[in-house]
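Take a look at the letters that make up each chain.
Number of protein chains: 2
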Amino acid sequence: MAELFSDEYFMRIALNEAANAYERDEIPVGAVIVSNNKIIAKAHNLTETLIDVTAHAEMQAITSAANYLGGKYLQNCTLYVTLEPCVMCGGALYWSQISKVVYGASDPKRGFKAKIGELHPKTEVISGLLEDECGEIMKSFFQKKR
Amino acid sequence: MAELFSDEYFMRIALNEAANAYERDEIPVGAVIVSNNKIIAKAHNLTETLIDVTAHAEMQAITSAANYLGGKYLQNCTLYVTLEPCVMCGGALYWSQISKVVYGASDPKRGFKAKIGELHPKTEVISGLLEDECGEIMKSFFQKKR
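Respectively, the protein sequence lines represent chains H and X. So the number in the working numbering is just where the residue sits in the first sequence, counting from 1, plus 17. So the number in the working numbering is just where the residue sits in the second sequence, counting from 1, plus 17.
Quick caveat, the hints were computed from the structure, so don't treat them as lab data. The C-beta atom is built at its ideal place from N, Cα and C for all residues, glycine as well. Among the hints, erroneous ones may be present.
[What the hints assert, rightly or not] Simulated restraints on C-beta separations:
(1) H:Tyr90 x X:Glu40: 36 to 42 Å
(2) H:Lys162 x X:Gly88: 14 to 20 Å
(3) X:Pro138 x H:Phe159: 38 to 44 Å
(4) H:Ala131 x X:Lys162: 34 to 40 Å
(5) X:Lys139 x H:Tyr26: 49 to 55 Å
(6) H:Lys55 x X:Gly134: 50 to 56 Å
(7) X:Asn54 x H:Ile30: 29 to 35 Å
(8) H:Ser23 x X:Tyr26: 44 to 50 Å
(9) X:Ile68 x H:Arg127: 26 to 32 Å
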């Protein structure tokens with residue numbers, strides 16, 4: 018059991034969101050946004066369900082969190098996401114000026130790192146948390162699809 | 018008067034959307050998406066009104082167009098947008114596999130070109146259409162703000 022309010026604790030909740038996506042036959046990526054140890058947004062990928070390429074877990078979480086906070090800048094917030102954000106989500110995170118991003122599995126092909134390198138100067142980035150579990154659910158999904 | 022269904026014709030409608038944003042005190046960027054000479058989505062920047070950094074004109078237009086088409090890929094579609102898309106919107110356009118993007122003013126600081134270089138290999142990009150008018154409305158907006 019992960020220590021309460023640790024990075025692992027919140028990433029396990031993001032993993033649970035990814036599992037929800039998996040069950041809906043969506044590419045299994047999950048995200049949560051936390052402010053002062055409180056989860057203010059939870060989301061999973063819904064691109065197929067909503068027929069919308071912009072409906073990535075992170076995008077929905079950013080919109081929900083800003084809605085909750087009543088402000089568009091996600092200061093003192095941390096995003097936990099099971100997969101390295103893509104260029105679109107990296108761009109959105111840049112605009113949000115979010116304080117911290119923690120992701121699980123890397124995505125060397127579609128992730129933001131290879132394309133844009135970094136996020137906002139105000140954003141701390143931590144990678145590889147629960148990397149194996151976050152990667153495993155993706156592998157399992159694509160194996161099932163073959 | 019621009020020739021019917023020419024690139025300029027549709028960009029003038031995008032400029033009209035930008036003017037709508039200006040009137041709402043939003044950074045004046047407008048976008049339309051056209052399929053077979055039919056406008057299937059029109060949008061303008063709403064980041065302040067919606068308190069949402071993801072509410073760029075292009076993002077809303079992509080979502081609307083996919084909704085209209087009932088499919089998430091924007092094949093045979095052209096986006097007309099008054100300002101060079103940012104990294105977020107460039108990433109979304111990549112996922113959409115849109116056929117053509119026509120933009121007006123360049124955005125050397127925040128535009129996709131400097132950061133990610135290109136969009137999807139299936140996407141033709143045309144820049145600088147009505148560049149002066151598209152840039153002028155931005156300049157006027159920021160001068161007013163000072």
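Tested hints:
1. Between Tyr90 (chain H) and Glu40 (chain X) the beta carbons are some 24 Å apart, a value that contradicts the proposed interval 36 to 42 Å.
2. Our hint of 14 to 20 Å for Lys162 (chain H) and Gly88 (chain X) holds, since their Cβ atoms are close to 19 Å apart.
3. Taking 38 to 44 Å as the suggested C-beta distance range, the pair Pro138 (chain X) and Phe159 (chain H) does not conform, at roughly 22 Å.
4. Against the hinted window of 34 to 40 Å, the Cβ-Cβ separation of Ala131 (chain H) and Lys162 (chain X) comes to about 36 Å, which satisfies the hint.
5. Taking the beta carbon of each, Lys139 (chain X) and Tyr26 (chain H) are about 42 Å apart, not inside 49 to 55 Å as hinted.
6. Lys55 (chain H) and Gly134 (chain X) have their C-beta atoms about 39 Å apart, which leaves the hinted 50 to 56 Å range violated.
7. For the pair Asn54 (chain X) and Ile30 (chain H), the beta carbons lie near 48 Å from each other, so the given range of 29 to 35 Å is not met.
8. Taken as a hint, the range 44 to 50 Å is violated for the pair Ser23 (chain H) and Tyr26 (chain X), whose Cβ atoms sit roughly 57 Å apart.
9. Separation of Ile68 (chain X) from Arg127 (chain H) is about 28 Å and conforms to the stated range, judged on CB atoms against 26 to 32 Å.
Violated hints for the displayed structure, listed by number in ascending order: 1, 3, 5, 6, 7 and 8.
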